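Undergrad: The residues making up each chain are set out below.
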Amino acid sequence: MPDHHLLAAACEAILAVAGEPVSEATLLKTLGGEVTQEDLAAALEHIRQRHEHPGSGLRLEKVAGGYRLATRPEVGEVVRAFLGIRAQSRLSQAALETLAIIAYRQPVTLPEINFLRGVNSSGVVRTLLERKLIRVAGRKQVVGTPLLYRTTKELLVLLGLQSLDELPTLEELGEAEGSVAP
Amino acid sequence: MPDHHLLAAACEAILAVAGEPVSEATLLKTLGGEVTQEDLAAALEHIRQRHEHPGSGLRLEKVAGGYRLATRPEVGEVVRAFLGIRAQSRLSQAALETLAIIAYRQPVTLPEINFLRGVNSSGVVRTLLERKLIRVAGRKQVVGTPLLYRTTKELLVLLGLQSLDELPTLEELGEAEGSVAP
Amino acid sequence: MGAVALGEAKGPAVHLPVFQGPLDLLLFLVQENKVSIWDIPVATICDQYQAWLRTMEELDLVVAAEYLVCAAWLLAIKSRMLLPRRSKDEPDPRAELVERLLAYEKVKRQAAELAGLLSLREGVFSVRLSPVESSGEPELALEELDVGALAQAMGEVLQRFRREHPPGLVLAPLGCSVQEKMRELLGFLSSQGSFPLLSHMLTRRERVEAVTCLLAALELVWLGAARVHQQRSFAEIYLVSTGEPVAVERALGYA
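Chains as they are written, first to last, in the numbering used here: chain L, 1 to 182; chain P, 183 to 364; chain D, 365 to 619.
Source of the hints: derived by calculation from the structure; they are not laboratory data.
Errors might be hidden in some of the hints.
[Said to hold, decoys possible] The calculated DSBU-like cross-link candidates involving lysine-lysine, where the alpha carbons are at most 30 Å apart (straight line), are:
| no. | chain 1 | residue 1 | chain 2 | residue 2 |
| --- | --- | --- | --- | --- |
| 1 | L | K132 | L | K153 |
| 2 | L | K153 | P | K314 |
| 3 | P | K322 | D | K472 |
| 4 | P | K244 | P | K335 |
| 5 | D | K442 | D | K398 |
| 6 | D | K442 | D | K452 |
| 7 | D | K442 | P | K314 |
| 8 | P | K335 | P | K322 |
| 9 | D | K398 | P | K335 |
| 10 | D | K472 | P | K244 |
| 11 | L | K153 | P | K244 |
All figures in this text were calculated on a predicted structure; none of them were measured in a lab.
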């Protein structure tokens with residue numbers, strides 16, 4: 001018979017890294033042949049009870065696909081607040097791509113960015129402006145005289161560069177043309 | 183004074199969804215103005231103690247300038263089996279040497295790494311970049327303006343250190359003199 | 365330093381150390397010979413180093429260029445050791461060798477330290493519950509933004525752009541026109557009466573020329589100056605003159 005505490009700990013750790021419901025079958029398979037269905041049920045019950053403590057932020061849920069660890073509804077608002085605060089200090093993939101285009105192609109206009117990315121990037125450009133990672137640098141003398149964008153000094157500081165000339169080429173970083181995968 | 187249990191629960195929930203170390207400042211900002219540093223310290227201590235129970239699969243860690251929830255090493259093997267991670271993801275000797283050079287001497291350039299190791303290490307550096315254990319941190323103002331490399335926060339998390347200052351110094355490792363010959 | 369097992373069907377398996385580079389090999393030799401790093405017998409070490417290179421070559425292990433550069437360096441030090449020093453202030457020819465070996469030995473100890481720390485952390489994984497409303501999109505913390513991430517993003521943009529905008533079909537300039545080919549075929553037909561069209565097409569070096577040839581033949585058939593003839597499927601296709609002077613006249617007019 002396996003150590004009941006260790007078994008519960010193992011189950012909890014698996015559920016904590018899974019990020020999605022884990023089926024009973026998967027749990028049994030991962031834990032190895034000696035663990036019976038009863039052992040597993042006892043371990044899961046142990047986890048459930050432990051998280052009933054009011055000081056716990058998590059709970060065990062039985063959902064369609066099996067079991068999962070989730071945050072408790074009572075602290076949902078705080079979790080949402082945290083995710084919101086964190087999002088403010090992060091760049092989405094879209095923002096990163098737009099910033100990269102402006103850094104490598106500057107000065108560049110929104111239509112040019114849209115053309116390269118294949119999607120409208122005006123929202124992303126606004127966000128980058130708000131965060132002071134890019135700035136407006138005049139207008140391009142073509143039809144519609146669109147605004148030209150450049151990166152800011154703040155970005156250089158963030159990247160640890162003295163000047164834009166120091167921006168590595170794509171080849172230097174192994175992002176060369178040859179690496180186009182099918 | 184906030185409800186101590188609820189505060190601990192909120193902290194635990196935040197750390198559980200963060201997936202990376204969260205700084206004390208971010209925690210305080212998320213929890214709102216009424217929560218003092220002492221309240222937070224008490225809540226974190228409460229979480230730490232609760233996870234000392236042998237039936238817990240998790241533990242609270244202080245790494246890379248913040249707190250995070252991580253799985254306990256005792257159940258690491260099961261978690262690794264669940265995630266399908268093989269031992270091959272371990273770093274090669276070449277990668278370890280290169281990482282050591284960057285960690286102890288950063289910022290450092292590829293030519294400097296090559297000279298110290300006596301072999302071309304560009305492939306290893308690329309692997310370390312891909313694994314996000316090192317990052318590009320500008321250029322050195324010398325001929326050829328080679329890129330400078332530094333270690334990342336992710337390396338600190340992997341090593342379980344608060345900062346690189348916690349790495350043993352050369353003196354602690356036994357100064358080189360005479361130690362080569364047996 | 366690891367080891368490769370070289371198992372032979374006969375005889376015991378040989379375990380050959382795997383070196384991280386010339387410095388690693390040199391350090392190994394210094395330790396093997398139990399000599400002080402401050403007083404390396406260069407001649408001995410140099411000979412042993414070269415013996416190792418030969419062994420590695422015999423075993424078909426890749427001997428990187430760095431090993432050969434280092435071999436030359438050792439030889440240079442060895443020869444300088446043979447010359448009498450002109451003054452006491454002249455540095456020991458081995459000084460740089462010692463310095464580099466010491467520095468590399470430090471790196472190895474630091475690497476071992478990291479390996480030790482990492483091994484302690486092998487079973488530790490970050491907890492990550494999926495929050496109720498996660499965007500699911502990979503996001504980068506601003507503090508982690510570096511030129512590498514920027515270059516990678518640019519690479520992805522360019523890759524996607526190239527995927528979505530494949531280069532247009534570029535036609536190579538025709539080596540010969542259909543008209544020219546018609547004239548050529550008519551020449552063959554008037555002298556030979558019939559012409560092996562398929563083999564001619566299959567032996568053209570340029571695909572364009574084969575196609576031009578086919579178009580010219582079809583043109584001749586359409587104008588009534590020639591007809592095609594095939595005995596059975598996949599057999600040779602012959603272009604045969606109809607012998608109609610009017611049609612040939614007309615074809616030459618077109619050509």
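Undergrad: Which numbered hints are broken by the structure, listed smallest first?
TA: Result: hints 7, 9, 11 break, sorted rising.
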